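*Asks:* Chain order of the listed sequences is A and B. Mapping to our numbering: the first sequence position 6 is 7, numbers consecutive. Mapping to our numbering: the second sequence position 3 is 88, numbers consecutive.
These are computed hints drawn from the structure, not numbers from a lab. Small disclaimer: the values here were computed from a predicted structure and weren't measured. For glycine and all other residues, C-beta sits at the position ideal for the given N, C-alpha and C. Hints may be right or wrong, so weigh each one.
[Stated by the list, open to error] Keeping only pairs whose Cα atoms sit at most 25 Å apart, straight-line, the calculated DMTMM-like set for lysine to aspartate or glutamate is: (1) A:K235 with A:E211; (2) B:K296 with B:E338; (3) B:K296 with A:E127; (4) A:K157 with A:D24; (5) B:K343 with A:D342; (6) B:K357 with A:D24; (7) B:K343 with A:D24; (8) B:K336 with A:E241; (9) A:K262 with A:D231.
[What the hints assert, rightly or not] Listed next, the stretches of chain B that the computed footprint assigns to chain A, with coverage defined by at least 3 CB atoms under 8 Å from CB atoms of chain A: (10) 92-99; (11) 330-344; (12) 353-361.
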Amino acid sequence: MKKLILLCLICLSAHARAALRIDIEGAKSDPTPIAISNFTATTNTNLGEQITQIITQNLEKSNLFRIIDKEAHIQQMDSLQTQPHFADWQALNAHALIHGEISQGLDNKIYISFRIWDIYAQQQLEAKRLSAPSDNWRKIAHVISDIIYERLTGEKGYFDTKIAFISERGNAQNRQRRLAVMDQDGANLRYLTDGKDMAMTPRFSPNMKEIVYMSYAKGKPQLYIMNTQDLTTKALGTFEGMSFAPRFSPNGEYLVYSQSKRGNSEIYLYHLKTQKRTQLTNHHAIDTSPSFSPNGKQIVFNSDRSGKQQLYVMNTDGTNVQRISFGEGSYATPVWSPRGDYIAFTKIKDGQFHIGLMKPNGSGERLITKGWLVEGPTWAPNGRILAFWKQTPMDKKGKGQTAKLFTIDITGYFETELQTSTDASDPAWSPLLH
Amino acid sequence: MQKQAFLLSLTLHACILGLMMINFSLPTEKEKTPQAVMMIDLTKVKIAEKTNLPQKSIKKKQQQTKQPVQPKQEKQKTTQITPKKEIKTPTPKPKPQETPPPKQAVAVQPPKQDKKQEKAQPKPQPKQPEKKQNYNLKSLLASVEKVRQEISPSEPQEQPTQQETISTSLEGRIDKVLTISEKDFIASKLRECWNIDGGAQNIEEIIIEIKVLLNKDGSVREATISNNMNLPAFKSLAESARRAVHICAQKGEESPFKILANTYAEHYNDWKELHLHFNPMDANVF
Numbered sequence: 002m003k004k005l006i007l008l009c010l011i012c013l014s015a016h017a018r019a020a021l022r023i024d025i026e027g028a029k030s031d032p033t034p035i036a037i038s039n040f041t042a043t044t045n046t047n048l049g050e051q052i053t054q055i056i057t058q059n060l061e062k063s064n065l066f067r068i069i070d071k072e073a074h075i076q077q078m079d080s081l082q083t084q085p086h087f088a089d090w091q092a093l094n095a096h097a098l099i100h101g102e103i104s105q106g107l108d109n110k111i112y113i114s115f116r117i118w119d120i121y122a123q124q125q126l127e128a129k130r131l132s133a134p135s136d137n138w139r140k141i142a143h144v145i146s147d148i149i150y151e152r153l154t155g156e157k158g159y160f161d162t163k164i165a166f167i168s169e170r171g172n173a174q175n176r177q178r179r180l181a182v183m184d185q186d187g188a189n190l191r192y193l194t195d196g197k198d199m200a201m202t203p204r205f206s207p208n209m210k211e212i213v214y215m216s217y218a219k220g221k222p223q224l225y226i227m228n229t230q231d232l233t234t235k236a237l238g239t240f241e242g243m244s245f246a247p248r249f250s251p252n253g254e255y256l257v258y259s260q261s262k263r264g265n266s267e268i269y270l271y272h273l274k275t276q277k278r279t280q281l282t283n284h285h286a287i288d289t290s291p292s293f294s295p296n297g298k299q300i301v302f303n304s305d306r307s308g309k310q311q312l313y314v315m316n317t318d319g320t321n322v323q324r325i326s327f328g329e330g331s332y333a334t335p336v337w338s339p340r341g342d343y344i345a346f347t348k349i350k351d352g353q354f355h356i357g358l359m360k361p362n363g364s365g366e367r368l369i370t371k372g373w374l375v376e377g378p379t380w381a382p383n384g385r386i387l388a389f390w391k392q393t394p395m396d397k398k399g400k401g402q403t404a405k406l407f408t409i410d411i412t413g414y415f416e417t418e419l420q421t422s423t424d425a426s427d428p429a430w431s432p433l434l435h
Numbered sequence: 086m087q088k089q090a091f092l093l094s095l096t097l098h099a100c101i102l103g104l105m106m107i108n109f110s111l112p113t114e115k116e117k118t119p120q121a122v123m124m125i126d127l128t129k130v131k132i133a134e135k136t137n138l139p140q141k142s143i144k145k146k147q148q149q150t151k152q153p154v155q156p157k158q159e160k161q162k163t164t165q166i167t168p169k170k171e172i173k174t175p176t177p178k179p180k181p182q183e184t185p186p187p188k189q190a191v192a193v194q195p196p197k198q199d200k201k202q203e204k205a206q207p208k209p210q211p212k213q214p215e216k217k218q219n220y221n222l223k224s225l226l227a228s229v230e231k232v233r234q235e236i237s238p239s240e241p242q243e244q245p246t247q248q249e250t251i252s253t254s255l256e257g258r259i260d261k262v263l264t265i266s267e268k269d270f271i272a273s274k275l276r277e278c279w280n281i282d283g284g285a286q287n288i289e290e291i292i293i294e295i296k297v298l299l300n301k302d303g304s305v306r307e308a309t310i311s312n313n314m315n316l317p318a319f320k321s322l323a324e325s326a327r328r329a330v331h332i333c334a335q336k337g338e339e340s341p342f343k344i345l346a347n348t349y350a351e352h353y354n355d356w357k358e359l360h361l362h363f364n365p366m367d368a369n370v371f
């Protein structure tokens, strides 16, 4: 009986009137126009403008948003309780509106509350309240930028981060290379070494407490670990030959690096607590530039075991080595995206350097920028933006050689210079700080 | 004993297979009588050379490039043999004219090349690149290695066509009355209103369903997201699709829903609820 009733219902539904269905395939991909109203401050009005400016610069720099000029705002959002006149903001084609207010506590802290509105759906998307020491207002602006970015794009932000790099000064014969750290927007620059000994390839630990880098302090390339708070430095160990290209594992317990002895380079795993070393590769070819996958189970590296420099993936115990690149040219400096969906690399082909992307299985290779010398990609923690460095050649008079940092989106667009006061190379992007 | 059990099992299996091969009809099911063939004399049917589109659409289509769309031609054939209104619908051949809106007809590659030249000089200021409108997200993935570009200069004109193929359900009377070009028009307008982040994670897997309730005058009473996917970028992409409906609806007489209110007012019950199926891009774009 039940089956008969079910059969009847199915027959009836087949004759029911279906809604009109329309398929829409494809879309535009322009920066989303949004409005950011000045955060109102009960005591320090400058602070409201400064924080609003940081947020505006961050979101605009991501190239995913177009910030509508404040001069065009029809409605003034004077308070957090002000309800938007949606028609006024729709007239400006603002897809979202952000406004907030700042108050100062007696505990020398600032308290910031803000809202995000969907103008066309006419509803609130987010409302949050944050606090921070009043002298740390830049950080809180970056945190708010990350929250807005994540809510509107669905992806984690990258604004509350730092970039370690090598600051370079001097001519080619007398080049000074110092380890430096700055906020991702170039603020709060600190030099961590004095430049007496050449430093290269800095890398943050996942908890940001340490930086590992290579230095020529002892006359040959060796690895050092520096405490980022008190800047105390110690050598990783005394290894035969040269050691270089270090990277932390995602859990921060291991380092993977290359060691070169008698002309042969192999990859080693180093346990930071026990100081136990494990050799992962054992091949007469040059194996170097290892990088962990974000789940910590695999390592990508480059090797010339096939005759040319290509990319390979192996398990973290050194087993199951698989070649993933097969293109023309030489592949180097692979680095796995924090999202796990791409491996970025440097490629040299036809006398030009390129930065490229491929899927971890080697498919979908794309070269997103090129130049006389571009190399050393590093991922922002959201796996959406890359930083790299670019060097221009010397002219006939021996001048003009510069090294600068750049960022680029994974779509291959929006290549932008990261302003530094000196020449810069070897960038390393930190994890999110909050 | 085991042999008997085996034979019994074999027999029962054979019976089931035999039953499966025989067509059953339920006792309550009426016997189907073969339908008489309906003869339609096409010699007396006048088919116009062009679809009877609004003026604006005609101008846009004149700027488009012509590309054959093989899969769609079959669908067109089935929908053309219908009431007299179909007299004005296009033959399969004009279909290529109906595809991409004019902005999409612009070659994808040259603007990218121009952008690359701009990027050669680093510009810290966050100004937008001059990007001509295109909906082919595959082409938005720039590559400096021109020889390896998957989309050659001749290809972009194929890709937009594939991406913008419009498929609609054949259920409901409104679908039989609405012309192909009118459905194209609605979908193309919605596409113009839809803005997304082309580099969103897993974008190639995301499909968004929006249910739209319309008033009799074609204005939007309600637009809701009616599906869900466990992907980080789904929520923001779905909200962008919902926003596209509202943005289009704000365009007054230019709204794609107005065509329903103005032309098919008597069929309001058939179009008062729309199911919009948003697909950011084709599969395997990356």
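*Asks:* State for each hint whether it applies.
*Replies:* Hint check results:
no., hint, verdict
1, A:K235 with A:E211, "11 Å, holds"
2, B:K296 with B:E338, "21 Å, holds"
3, B:K296 with A:E127, "23 Å, holds"
4, A:K157 with A:D24, "30 Å, violated"
5, B:K343 with A:D342, "43 Å, violated"
6, B:K357 with A:D24, "17 Å, holds"
7, B:K343 with A:D24, "18 Å, holds"
8, B:K336 with A:E241, "72 Å, violated"
9, A:K262 with A:D231, "33 Å, violated"
10, 92-99, "violated (count 0)"
11, 330-344, "holds (count 3)"
12, 353-361, "holds (count 7)"
Checked against the numbered hints above, the structure violates hints 4, 5, 8, 9, 10; every other hint is satisfied.
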